[in-house]
Amino acid sequence: MSNIPADLNYTESHEWVRDNGDGTVTVGITDHAQEALGDLVFVELPEVGKSFAAKDACAVVESVKAASDIYAPVAGEVVAVNDALDDAPETLNADPYGEGWIFQLKLVGDDPAAGLLDPDAYQRVVDDEA
Amino acid sequence: MGSRTPLYDAHVALGAKIVPFGGWDMPLHYGSQLDEHHAVRRHAGVFDVSHMQPVDVTGAAAKPYLQYLLANDVNKLQAPGRALYSCMLNEHAGVVDDLICYYLEPGRYRPVVNAATADKDLAWMHDKASKFDVSIKRRDDLAMLAVQGPAARSLAEPLLPAAVRAAAMALTPFHAAEGDGWLIGRTGYTGEDGFEIMLPAAQAGMLWQGLLDAGVAPCGLGARDTLRLEAGMNLYGQDMDEATDPLAAGLGWTIAWQPPERNFLGRKALQARRDAPDLPHCVGLLLEGRGVLRAHQQVLLGDSPAGEVTSGGFAPTLERSIALARVTPAAAAAGHVAVDIRGKPIPARVVKPPFVRNGQPKLEL
Numbered sequence: 001m002s003n004i005p006a007d008l009n010y011t012e013s014h015e016w017v018r019d020n021g022d023g024t025v026t027v028g029i030t031d032h033a034q035e036a037l038g039d040l041v042f043v044e045l046p047e048v049g050k051s052f053a054a055k056d057a058c059a060v061v062e063s064v065k066a067a068s069d070i071y072a073p074v075a076g077e078v079v080a081v082n083d084a085l086d087d088a089p090e091t092l093n094a095d096p097y098g099e100g101w102i103f104q105l106k107l108v109g110d111d112p113a114a115g116l117l118d119p120d121a122y123q124r125v126v127d128d129e130a
Numbered sequence: 001m002g003s004r005t006p007l008y009d010a011h012v013a014l015g016a017k018i019v020p021f022g023g024w025d026m027p028l029h030y031g032s033q034l035d036e037h038h039a040v041r042r043h044a045g046v047f048d049v050s051h052m053q054p055v056d057v058t059g060a061a062a063k064p065y066l067q068y069l070l071a072n073d074v075n076k077l078q079a080p081g082r083a084l085y086s087c088m089l090n091e092h093a094g095v096v097d098d099l100i101c102y103y104l105e106p107g108r109y110r111p112v113v114n115a116a117t118a119d120k121d122l123a124w125m126h127d128k129a130s131k132f133d134v135s136i137k138r139r140d141d142l143a144m145l146a147v148q149g150p151a152a153r154s155l156a157e158p159l160l161p162a163a164v165r166a167a168a169m170a171l172t173p174f175h176a177a178e179g180d181g182w183l184i185g186r187t188g189y190t191g192e193d194g195f196e197i198m199l200p201a202a203q204a205g206m207l208w209q210g211l212l213d214a215g216v217a218p219c220g221l222g223a224r225d226t227l228r229l230e231a232g233m234n235l236y237g238q239d240m241d242e243a244t245d246p247l248a249a250g251l252g253w254t255i256a257w258q259p260p261e262r263n264f265l266g267r268k269a270l271q272a273r274r275d276a277p278d279l280p281h282c283v284g285l286l287l288e289g290r291g292v293l294r295a296h297q298q299v300l301l302g303d304s305p306a307g308e309v310t311s312g313g314f315a316p317t318l319e320r321s322i323a324l325a326r327v328t329p330a331a332a333a334a335g336h337v338a339v340d341i342r343g344k345p346i347p348a349r350v351v352k353p354p355f356v357r358n359g360q361p362k363l364e365l
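Protein chains in written order, with my numbering: chain A, 1 to 130; chain B, 1 to 365.
None of these hints come from the bench; they were simulated from the model.
The structure presented is a predicted model; accordingly, all values stated were derived computationally and were not measured.
Glycine included, every Cβ here is placed at the ideal spot set by N, Cα and C.
Among these hints, one or two may not hold up.
[Claimed, not checked] DSS-like cross-link-like pairs, simulated, lysine-lysine; straight-line CA separation at most 25 Å:
1. A:50 to B:344
2. B:268 to B:76
3. B:344 to B:120
4. B:76 to B:128
5. A:50 to A:106
6. A:55 to B:344
[As the list claims (entries may be wrong)] Simulated restraints on C-beta separations:
7. A:83 to B:272: 51 to 57 Å
8. B:272 to A:47: 48 to 54 Å
9. A:129 to B:238: 23 to 29 Å
10. B:363 to A:86: 20 to 26 Å
11. B:31 to A:66: 14 to 20 Å
12. B:363 to A:90: 20 to 26 Å
13. B:269 to A:87: 46 to 52 Å
14. A:47 to B:258: 58 to 64 Å
15. A:51 to B:363: 37 to 43 Å
16. A:6 to B:158: 47 to 53 Å
17. A:83 to B:275: 49 to 55 Å
18. A:13 to B:363: 26 to 32 Å
19. A:86 to B:85: 19 to 25 Å
Next comes chain A alone, as it looks inside the complex:
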């Protein structure tokens, strides 16, 4: 059973989004995603200062199996990236919702949950894949 914290929002492409309450959100990949990918061995982080529209590919994670794009869940500008993942991509497997965060976006719009799935809706996405 994959872990889907109740205080986060989600995308159909398996990113999670945490509202930091200050006009920024933190983004990572879900427990389900890290488990499906297998051992992560490489992360290509976005550049700080770059802006993305919602659903733009903005980062890449590579597992022992394959490369996967990470999409911006909402429109915004990258204000921070988790450089620690460069040397320790396995953190994405070990702690996907904590130390394994990937980047932070400063929102363009006002709604940090615009177009996102709540935990129940994301659970249904995961169930449908099983």
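Based on these hints, arrange chain B on the given structure of chain A.
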């Protein structure tokens, strides 16, 4: 649903992630592919390779038949118990499959072919046997386990049948011992010491559990792939196929040109290509920039296309990305190339495989 090996339920009970592979439902990993890889390099791991297809070729003409069928020469197997790696070619010298052929006794050989190609291979073998007095029989009654790693043989020893134990422990590499319906080869696909064991399917569960109880790690197809890549070994369907001849796949060393009168399938086509000046080279690549090499990425020399990655990935032992690639002679000679990774040229060094043998890196990082 694919075919299932006698150990399928044991894999599921261990929490394996099961994936389709060559028509079979096989374990990809049991939690961490990286941990399984390291277990084989440092201690011992066991793979269920029962999807591989042993075939018994028997009869008075078994030897001349195999000398016609295979690009390597079974005449090199001068004593029973010896094994030979070979390609099986079509008339155009394309690789129908690669296999290991065990010589069991005069008039009895056992080639072991790949799972995904087994039906095609058997049809091919039957088709080419019409002029020979041979019988060709699939051994679907056998299971096959590969136990690999520096501690593999000693941990397997007490689990081998008494009738064949001493002979198995005395084997030198690429030799095999047979007894009680088991065939134990000191062979493998990881670059480590170990055994590949064929045994009656009904006994597979006992051997599997015995190995786990002895501390041998269960390993899936994922680790099998990273281990063979580090060992510089080709994977059929990825590094070569029917559109590739063995010269273009870095397998020239497996072609027995002598004696010249041995007329094996594909020989004529191969001979015509043998001296071509533009014959591609098969090389290893070590990625010097950041990223992961993957099959089908383009190799660049300067700004120009100079070949293709055939197998690539992350090498857990080296903690770097490596690949096997088919490149132009100029790229092979250049020593340094680039690989197009998502539109960016990332520098890579040309190296000679293997990358890792017996737990040790074989190149400067």
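Now the hints, each set against the structure:
no.	hint	result
1	A:50 to B:344	holds (18 Å)
2	B:268 to B:76	holds (21 Å)
3	B:344 to B:120	violated (40 Å)
4	B:76 to B:128	holds (21 Å)
5	A:50 to A:106	holds (10 Å)
6	A:55 to B:344	holds (22 Å)
7	A:83 to B:272: 51 to 57 Å	holds (55 Å)
8	B:272 to A:47: 48 to 54 Å	holds (53 Å)
9	A:129 to B:238: 23 to 29 Å	holds (27 Å)
10	B:363 to A:86: 20 to 26 Å	holds (23 Å)
11	B:31 to A:66: 14 to 20 Å	holds (18 Å)
12	B:363 to A:90: 20 to 26 Å	holds (24 Å)
13	B:269 to A:87: 46 to 52 Å	holds (50 Å)
14	A:47 to B:258: 58 to 64 Å	holds (59 Å)
15	A:51 to B:363: 37 to 43 Å	holds (42 Å)
16	A:6 to B:158: 47 to 53 Å	holds (52 Å)
17	A:83 to B:275: 49 to 55 Å	holds (53 Å)
18	A:13 to B:363: 26 to 32 Å	violated (38 Å)
19	A:86 to B:85: 19 to 25 Å	violated (40 Å)
Checked against the numbered hints above, the structure violates hints 3, 18, 19; every other hint is satisfied.
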